[in-house]
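> We have chain F; now place chain Y onto it with these hints.
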Amino acid sequence: AQKVTQAQTEISVVEKEDVTLDCVYETRDTTYYLFWYKQPPSGELVFLIRRNSFDEQNEISGRYSWNFQKSTSSFNFTITASQVVDSAVYFCALTLYNQGGKLIFGQGTELSVKP
Amino acid sequence: DTAVSQTPKYLVTQMGNDKSIKCEQNLGHDTMYWYKQDSKKFLKIMFSYNNKELIINETVPNRFSPKSPDKAHLNLHINSLELGDSAVYFCASSPYRVNEQFFGPGTRLTVL
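Each protein sequence line maps, in turn, to chains F and Y.
Those letters in the first sequence? Residues 64 to 178, per this note's numbering, in order.
Those letters in the second sequence? Residues 433 to 544, per this note's numbering, in order.
So here's chain F without its partners, still in its complex pose:
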């Protein structure tokens, strides 16, 4: 069975600190896709990134970066120089090629960035 674990339930940092959100996944399939979504206090779910299992390159987008390591089944998300607007719940998710798009979500990590 597939599973996504986000062990950090809540993280609190002060603005300008760097913060890493952990995501560990479980699957026996070789073809899978990983995602991160952001849910700000307003409640909508915002897509951040998608990675397929054959692409282990790290990704950087502005202050956001993602580290995908198949050896440890992890897909961690780092925010550099955090800002108050980064305060949100962040979800890591997994889908398999043959699962019809079913996203399996982790429990979410609530990030609070204080000024």
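Hints are computed from structural coordinates only; laboratory data are not their basis.
Just so you know, nobody snuck in bad clues.
In the SDA-like style, the derived pairs of lysine to any residue whose C-alpha atoms are separated by at most 25 Å in a straight line are:
1. F/Lys-101 x F/Ala-151
2. Y/Lys-476 x Y/Pro-493
3. Y/Lys-476 x F/Ala-151
4. Y/Lys-473 x Y/Ser-512
5. F/Lys-66 x F/Ser-116
6. Y/Lys-473 x F/Asn-139
7. Y/Lys-441 x Y/Val-492
8. F/Lys-66 x Y/Lys-476
9. Y/Lys-499 x Y/Glu-456
10. Y/Lys-454 x Y/Asn-531
11. F/Lys-101 x Y/Tyr-528
12. Y/Lys-441 x Y/Gly-460
13. Y/Lys-473 x F/Val-77
14. F/Lys-79 x F/Thr-143
15. F/Lys-101 x F/Asp-118
16. F/Lys-101 x Y/Glu-532
17. Y/Lys-468 x F/Ser-175
18. Y/Lys-473 x F/Glu-107
19. F/Lys-66 x F/Glu-122
20. Y/Lys-441 x F/Gln-170
21. F/Lys-101 x Y/Gly-460
22. F/Lys-101 x Y/Ser-471
23. Y/Lys-472 x F/Thr-141
24. F/Lys-177 x F/Val-109
25. Y/Lys-476 x Y/Asn-489
26. Y/Lys-472 x Y/Ser-437
27. Y/Lys-473 x F/Ala-151
28. Y/Lys-476 x F/Glu-173
29. F/Lys-101 x Y/Asn-531
30. Y/Lys-441 x F/Ala-151
31. Y/Lys-472 x F/Ile-142
32. Y/Lys-472 x Y/His-509
33. Y/Lys-503 x F/Val-109
34. F/Lys-101 x F/Gly-125
35. F/Lys-66 x F/Val-152
36. F/Lys-101 x F/Ser-175
37. F/Lys-101 x Y/Val-530
38. Y/Lys-499 x F/Asn-161
Chain Y in isolation, oriented as in the chain F frame:
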């Protein structure tokens, strides 16, 4: 232009009532989904449709029935509402099943 829209945004109703939530996407995507987010923020898929065909039906009570009149719409009808149905329901769409999914704003359902 809203990509994925849901109506209503809030729904408050009594136990035992029947209610519907509507979802529309103007992205031209082939696949649409319904997810439920509980009070602990846990997100779980309920249904998925691809070109009006049901492809995912998780272990959801029969009281929940999705309907897709065309590939741009996926509605959710709930019969005999129960207290445990209180949650936020999200509609989503994607161009293909393994692509990123774009979510609607959610419908907060409260059953009294």
